[in-house]
Each structure stands twice: as structure tokens, then as C-alpha cells.
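Construct the entire structure; sequences and hints are all you get.
Letter by letter, the chains look like this.
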Amino acid sequence: MLIKKIGIPDAGGNGTSRREEEQSGNGNGNDTAVGVGLGAAAVNRTSDHSGQTSQLDAMRNTISGVTTLTRGTVLMDRYEIEQVRGVGGMSTVYRARDLRFANVLRYTAIKEMFDTTTDPSVGRVRLANFEREASILATLNHTSITKIYDYFSLEGKVYLVLEYIDGKDLESMLDDRAGPMPEDEVLRWSIQICDVLNYLHGHKPQPIVFRDMKPSNIMFDNSSSRIMLVDFGIAKVFQSDKKGTMIGTEGYSPPEQYRGIAEPRGDIYALGATMHHLLTNSDPRTETPFTFHERPPRRLNARISPATETLIMRALEYDATRRWANAEEMRQALLAILATHSPNEAAALNGGVAVGSSTAASQPPQSPSQSQQPTQPQETSGVSLKPGPSRMAIPGTAFMDPSNAPHLIGDSTDMLWDFASEDEIRSSPIVYKGVVYIGSYDSNLYALNAKSGEFLWKAATENGISSSPCASENMVFVGSEDHILYAFDTIRGRKVWEFRTNAPIRSSPKINNGLIYFGSDDQFIYCLDAKTGRQVWKYRCWMSVRSSASFSRGNIYIGANDNHLYALDATTGALRWKFNAGMSIISTPAITDGLAIFGAMDNNIYAVDLESSYAAWKFRTDGFIFSSPAVQAGRVYVGGVDGFLYCVDMKSGRLVWKYKTGGQVTSSPRVHDNAVYFGASDKMVYSLATRDGALRWQFPTLGPVPSSPTIEDGIVYIGSTDNKLYALAI
Amino acid sequence: MKAKLRAGTSEQVSNGSASNYLAYAALRHVGGKQANEDNVFALASQLPNQTGADGDLPFGLFIVADGVSSSGSGAFASAYATKRVAGRLLERLYLPMLGGHEAGVMGGTVGDILAEAVREANTELFAMAGNGNNPATTLTVALVLGRRLYAAHAGDSRIYLFDKAGELTQVTADHSMVARLVEMGQMSEADAASSQQRSSLYRAVGISSEVEVEVYSNTLVDQQRLLLCSDGLWSAVEGEEIAAYLQAPPAEAAAALVAAALAAHVEDNVSTIVVALD
Chain A
1 MLIKKIGIPD AGGNGTSRRE EEQSGNGNGN DTAVGVGLGA AAVNRTSDHS GQTSQLDAMR
61 NTISGVTTLT RGTVLMDRYE IEQVRGVGGM STVYRARDLR FANVLRYTAI KEMFDTTTDP
121 SVGRVRLANF EREASILATL NHTSITKIYD YFSLEGKVYL VLEYIDGKDL ESMLDDRAGP
181 MPEDEVLRWS IQICDVLNYL HGHKPQPIVF RDMKPSNIMF DNSSSRIMLV DFGIAKVFQS
241 DKKGTMIGTE GYSPPEQYRG IAEPRGDIYA LGATMHHLLT NSDPRTETPF TFHERPPRRL
301 NARISPATET LIMRALEYDA TRRWANAEEM RQALLAILAT HSPNEAAALN GGVAVGSSTA
361 ASQPPQSPSQ SQQPTQPQET SGVSLKPGPS RMAIPGTAFM DPSNAPHLIG DSTDMLWDFA
421 SEDEIRSSPI VYKGVVYIGS YDSNLYALNA KSGEFLWKAA TENGISSSPC ASENMVFVGS
481 EDHILYAFDT IRGRKVWEFR TNAPIRSSPK INNGLIYFGS DDQFIYCLDA KTGRQVWKYR
541 CWMSVRSSAS FSRGNIYIGA NDNHLYALDA TTGALRWKFN AGMSIISTPA ITDGLAIFGA
601 MDNNIYAVDL ESSYAAWKFR TDGFIFSSPA VQAGRVYVGG VDGFLYCVDM KSGRLVWKYK
661 TGGQVTSSPR VHDNAVYFGA SDKMVYSLAT RDGALRWQFP TLGPVPSSPT IEDGIVYIGS
721 TDNKLYALAI
Chain B
1001 MKAKLRAGTS EQVSNGSASN YLAYAALRHV GGKQANEDNV FALASQLPNQ TGADGDLPFG
1061 LFIVADGVSS SGSGAFASAY ATKRVAGRLL ERLYLPMLGG HEAGVMGGTV GDILAEAVRE
1121 ANTELFAMAG NGNNPATTLT VALVLGRRLY AAHAGDSRIY LFDKAGELTQ VTADHSMVAR
1181 LVEMGQMSEA DAASSQQRSS LYRAVGISSE VEVEVYSNTL VDQQRLLLCS DGLWSAVEGE
1241 EIAAYLQAPP AEAAAALVAA ALAAHVEDNV STIVVALD
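Heads up: the protein sequence lines correspond to chains A and B, in order.
Sequential numbering from 1 applies to the first sequence in our numbering.
Sequential numbering from 1001 applies to the second sequence in our numbering.
Careful, some of the hints might be misleading.
Said to hold, decoys possible - To be clear about the criterion: a stretch of chain A counts as covered by chain B if any three or more of its residues have a C-beta under 8 Å from a C-beta of chain B, and this derived list gives those stretches:
(1) 284-292
(2) 539-545
(3) 611-621
To be verified - No farther apart than 20 Å at their CA atoms in a straight line, the calculated lysine to aspartate or glutamate pairs in the EDC-like style are these:
(4) A/Lys578 x B/Glu1241
(5) A/Lys578 x A/Asp602
(6) A/Lys451 x A/Asp418
(7) B/Lys1164 x A/Asp593
(8) A/Lys531 x A/Asp562
(9) A/Lys578 x B/Glu1102
(10) A/Lys168 x A/Glu185
(11) A/Lys451 x A/Glu712
Quick caveat, the hints were computed from the structure, so don't treat them as lab data.
Each residue gets a CB set at the ideal place from its N, CA and C atoms; glycine is no exception.
Next up, the structure:
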């Protein structure tokens, strides 16, 4: 047993100051060195004949449950332990002094590994594996690879004697900094890493795959300013296979490594993951696996250059054939980017040869293009989601970049006809039996031929019309600012009846089973007989009622400015329940699947369970919701005052995609086939693809478009505050 | 309500049958392991109608938790999380509903309440980590309110719905590495099932200071059965076989499912809750 116990005089504290020491004896070679560990852990005293299991064990301290060798312990008669550099689950690293070189201070790193197995035959196999790995490591010769000087085993533990590096690993440096690393530094380090990967991958007879690239396995040597790769997975030899240990660390490892494939391009992926972590300070181990493409670096750290982001994302391609083909190619790309920032540095890293600069590394086929919308660029410069099997629930903001269309102004659609009234059109048209009906703020209700736009008739009210009409049984109904709900016959526009309330009507009437329902600013919800205009019931709320009714299960559902969604019996007006949304509800609820989905002026979109009256979920936006949602195929489409058209998953309330317009969206979207249509206050009428929010076309009008479209027979009808009603091709 | 404890075995059987809807059977079997690190909770009830609609409001709360053995205290973790979450949900949903509180923003949405309860259990378990122990567990919660299912989930225990047409649908997504790889097209289902990584979870309760809880809500119209189970069941019994057993009433179905898992020499604990929805 080649261990000598020495009592050493306390050398000037240089990092071991956290541990107190005392010696017994006076430098007598046979005395015991005793150390006291942190936190009053067990003091290990021993003499030669104490009956302890091992002499080495006797000289250990305990730091947070792991026993480490004490300072002054000498291994193999040569290596004197000076301080603990790091403690891990499977291994401990010490700084030691090589006593062979007695006249100088020569340090080494000593890595102590312990085998977890109790089965001696398994232990033997592992020892053989370890010796093989250590031998390979011994043959490697690169300035960025720590040299291995020696190895030995003692009392069931295996020791590696390695080149000592004065510095910290990148994970510790990142922790110290508590924020992303500077881009140029990361580029520099990555160039060096590619250099050593090149060396390893080019190794003969077989390429060496590092397999465990991550910030904690990369050290920065202060004395040479070089990157050093440490831990060649030798410690992994001793890990238990109980849960099918994966070689490599989750988060940095490429998908194919889980299939047992470890090849050089896996190291490229891991380098990409490492760069991503260093540049964003977002640890991939804490995120859902393989979601790098949902978290492009620039979204987390806007200071990163686009070229670097592109380079990283290419390294992170799941398909290995789409990554950088080899470390050299990646290195060239890194050099090119660095050259644009500091050509001299790049040249220095390139062996003195100047590097041609480029502003973009070579691109994979789908490159994210910048958004064209004028507002808030960082919101619109999202990266397209990778195509592939769709997830059941999409976490976070899966934000689609709308610029799959080549350019903003350009994709428009045909206008079939338009019709000018004398004031703004703020409400939405309806089509009934081939006629389109629309109210205008010029106080008229117009009837036009739906196909040709030919004027048929107009009916006058005494003040502006801001709500939308409805029609049934050859009658068309509309409310006006003049407090009155009108019923006109559809053929000639003659008034059949009128019903007076006590304040302007801004809610749009709706018909169900021969009864007509609407709200008024006089705070009542009204139910009238559609044929006669006679009141059947009315229900009092506490503020104006501007939302419109929806029907289901014999109830009507309507929101009010007193913050409630009301569920009333459709026949009697009796209250079933009410839901408190916290702020006014102008939006009309969409009823689907047992849920009432609507927006409120607390900026949320709610899904309320009709049976229990509890909200299943709510989705937060950044502005009021006036728009009424449209629901199709499990998705909810609604516009917000914050300028977005949202697509939200109906089951989970999570965002599927959102599209930013140049203004507010108070218009309610309509869905037809695979497209959604709506207007915005940026004067545009939009058509987007429902699948991903890609722009299909946009049509410019001359004023904001607060109203909603109606679609019939391949024509989109929509009014604008430029006084016109438009008929557009779908 | 009949609760039956068979002395000396690792089984606990209880049947709730206030009405046919939400009649359930919850079974927890040690399976091929030494100790049972799974835990289950079940409560079925009926609330006096507040919404004026036809009939009273059924309320059901069902939980399955599968403790992570390698964490060193799997049994503790799953029991703790189950009880905490059940208690919180009864406190924040069940009692207010009984008290006739008006639903709305002040109380939060059902989804938020579920997710918050799971997150709190996570924070508490994570704070207990130390000395080589890191208590962790999967946690899968199913809440039935009327004809709607709300689920909150982290881990690889599962919720299935079995509809009247005989089709079995998995509601939750497994938070395992292999499931993620299958989802990405990087691994086949068959490889995933036999992979050594099968139990490697990237998300569970107690392993990290934060947990992202997945929340779902589904209508239950047209559904026949609700099934919750730990991976001991779904890894040992094929979907088609599961579907076949689910046709039977809950008690029979649950017993048959466990028996099938045992017959397949499952090496894990097996837990299952079967709830009638017809």
C-alpha cells in the first residue's frame, strides 16, 4: 500500500482556506494527518491498527455527503493532494502536486472515480474498459486535449492523473456571469472546439466521437487562453446501467444518440446546443427536449447576429445530414462570422491566414425571413416551426412568421363590386336569399343584390346604425342609435314594426325559434316575438348590453358591460347562471363543444363550461377583445386590440399561432374552408390560412375596418369606414 | 359507497356508485416490484344543481401518481403529491362549488386551479431534495365536472378516453425522452417500447424547481369510460386489449386490466382507475 501519511506545515492558504486543518505530531513521518471537514462532519482519526476498512478511507473528509481525500494525502508515493477542485456523483477531482519534481511546483489534476457496482465480474469488465479508454486518451496529442500522465487503482477506486488546468469550466463561468456570454468569445471558443473535433474525428484507425460535449466539459485555461476538452466519458464506464444510462447528457445530445448511434455529426449537434446555452443562458436540460427550434437564440438574446443564429440552428438540425457536414466546415463558417466583427482575431485563429468575411453562414433550405410589418420587429421575426408530426399540446408561443408570402403589398384579391353609402360602415353585412343587407352610420339599412351589388332599396332610421342586421321569414331586423329595433320586410324595405328601448342599440339582434334577442344601452336584454315585435320578456343587467346573443340547450348566452356573461332561459328569461369576467364583454360568445368562448375587456379570451359555469381556460392577450371568436376544427380564431389575430387551441387554451397586423383588430373573423377573413384598423381586409396563419391576401380600403365579413357563395362581403361595402373574391 | 380492504395483500379496492355516471373502481397492485410506489385517489360526488339545467352536477376527482424509484423515495413522493393535490382541489374547487360561489375570474379558471395545485406540490417536493434523495413522481389528475373532463399532468402515467364507438384515445402525452423522439419521428413506437430509456422522464413532479404542467379539457359527450393508469399497465397491455376490457363495468374492467398486466409479467407497479361515463 503505497500511501504515506505526512504531517505538512500549512502552506500559505491558496484555495484550501475553506477547510481548517490541524496536525497532530510534529512532522514525524508516521503521524496521522487529520483534517476537519466543513459543517462539522465526522472527524476521521486513525492509527495504523484501528481496524478501519482502509487507510485511505481513514484520511477522508466529508463534504456534503461525499468523502474526499484530505490535503496532504500522498498517493502512489508521488502525488500529494492539495485541494478538492470539484465533487461529482461519480468522481472527485483534486489538484495535486507531483512530488517527483521536488524542486519545482508541478501540479497535476487527479480524478478519482468509484465504481458503483458490487458485482466483481462487472467490476473487472469495467476496469478493462477504463484501461482501454485511458490508453486511447494517452495517444491523443492536441493543445486542447488534457494530457493524461498516469492512472492507477487503489482500494476499489480508479485514479487518473491529468494535466492540470488553471481555469474554470464554461458552465461555472456562465453561472458566475449570470447572463449570456459575449458572442465573439463564444465564436472564438467554438472555433477552437471545432479544431479539436476535427482532430478527434480524423483520428486513425477510428474516429473518436467525444459524445459528451457541454459547457461543463469545456474548460478555459487562463494561462494559455485556450479551450480545453475534459472528461472523455471515461467516468461513464463506471455508471450503472440500471435505467439504461444514455451516454451523453440529455439536452445536449442529438436524437440519434438515443438510438445508440454515436458519430461525429453528433458532436456538431452538441456543440450547437452548447453554443445555444452559452449565448442565451437557457439550459437545454431544463427545457422540453428537442425544442431548440422553438427557442431560436435571437429571441432570447437579441444581441446575437443573425448569421450566428443560422449557424447554430444548422448544427441543431435533427436530421444529421442537414447539419454541418464536419467540424472543419463549421469552423470555416465560424471564422467567416468572426471576421466580420474582428478580422485580425479571425486571422489569428486561422493560423495567420486572413479570412473572407460573410454576413450569413450558408443557409439551410428554410431560412427565416424578416417580417415586413412596421411595428415591433422582434415580435414578427419568428422562425417557422419545423414541419413534422404535430404535438398534442404546443407549449409557449408557437409563433409563426407570416412572411411565407413573398412580400406584403402584392398578394391581393379581386374586388367584384363595391357600394358607397354616405357615412361609415361599422357593422357587418348579412346575406339572405341572394340579397346583402348592411347598415350604415348614415342611418340607412341598405339592400343590395349579392352578386352584382345593384341597389335594391334602403330603409331609413333616425340615427346611425352600428350593429349588424339579421333576417328570417322575409323580414330583416336591425337596431339603431335612435334606440329603436326595426323590422323591415325584405322585398321592399317597408317597416313592419318597431320596438323602442331607452338608449342606443349597439348589440346585433339574433333570431332563434321565432324569437328575436338583443341588448340595449338601456341595460336590458330583450326578447321579442319576431313576427309582431311584442315583448316576450326582458332582463335587467347593470350596465349597457352591447354583445349579441348565442344559443344552446334552450338558453341564450350574452355578455354585458357589467362584466358578466349571462346564461338565461331562452323562453322565459330566467337566469341560469352568470360568469364574472372581470371587465366588460362586448364580444359575442361562440358556442361549441359545451363551451362558450368569448373575449372580454380584461384582455382575456375565455372558454366557459356551459354546464358548470366555470371557465375551462383563459388566454391572455395584450389588449381589449371586442372581436367575437370563430371556432372551427378545434381552433378558436379571434382578433385583439393589440393588433393580433389569434389562433388558440380549443382544448388547452394554448396559442397555435398569431398574426400581427398594422392596427387593431376589432373585427370578428369568419372561417371558410381553410381560410380565415377579417379586417383591421390598418385599413386592410385580410385572408390568412387557418393552418399556420400564412397570409393569403390582403385588400386595402381607404379607412379602418372595424366590421366583420360575411361569406356566401365564394364572395366575401365587408364594410369599411371609408363608407363602402366591398364584395371580394374569396 | 362500498370500500373493501383485503387484508394482507397489496390491493385496495373501492367502488363508488352514487349513480351510474362516475361509478369507478381504483386498483393499485405491487406488480413485479418489492414495494408499491404508486398511489391513487378517487372521489365521485354529485353537487346540488346551481346552473338551473337538467339534473345535478356530477363531480369526479381521480389521481394516479407513480413514484420515481431512482429518486430514492418514490413511494413517499407519490403519496405526498397525491394527497396534497387532492386536498388543494377539494379546497379550491369542490368546497367553493358547494358554497354556491359565483364562478368567475376571482376564482380562476379550472385549468389554472389544476395546474397551480400540481406546481405547488412540485415546489414542495423539490424543496425536500437532499442527501442523495430527490423525491419525484409522475402526477396525472383527472377532474370531471358535468360532462367535461379537465386533466393536469406531468410524467408518463396516462389518461385514456374510451368512446361509445369502441375507440380508445390517449388524452395525455408522455413526458418521456422516447415519447418525444417518437413524436419527432426519430424513433419508432416499437423501439420506444423496448428501449432502455423508456422510463427516462424529462418532466415529473419534484425533479426541478419548476414544472410545466400540461392541462387539457375535453367534452365527455359520446364517451363510455375514463381510464387513468401508471406505466405498469400501458407498457404491459396493448391498446386493443385495454379497449376490450373497458367494455365491462368499472370493477370488472379494472380487475381484468390488472390481471392482464400481471399475466404479462410486468416488472413494475400497476395502478388503474376506471370510471363509467355512460
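Hint check against the structure, violated hint numbers in rising order: As far as the earlier hints go, 2, 4 and 8 are violated by this structure, in ascending order.
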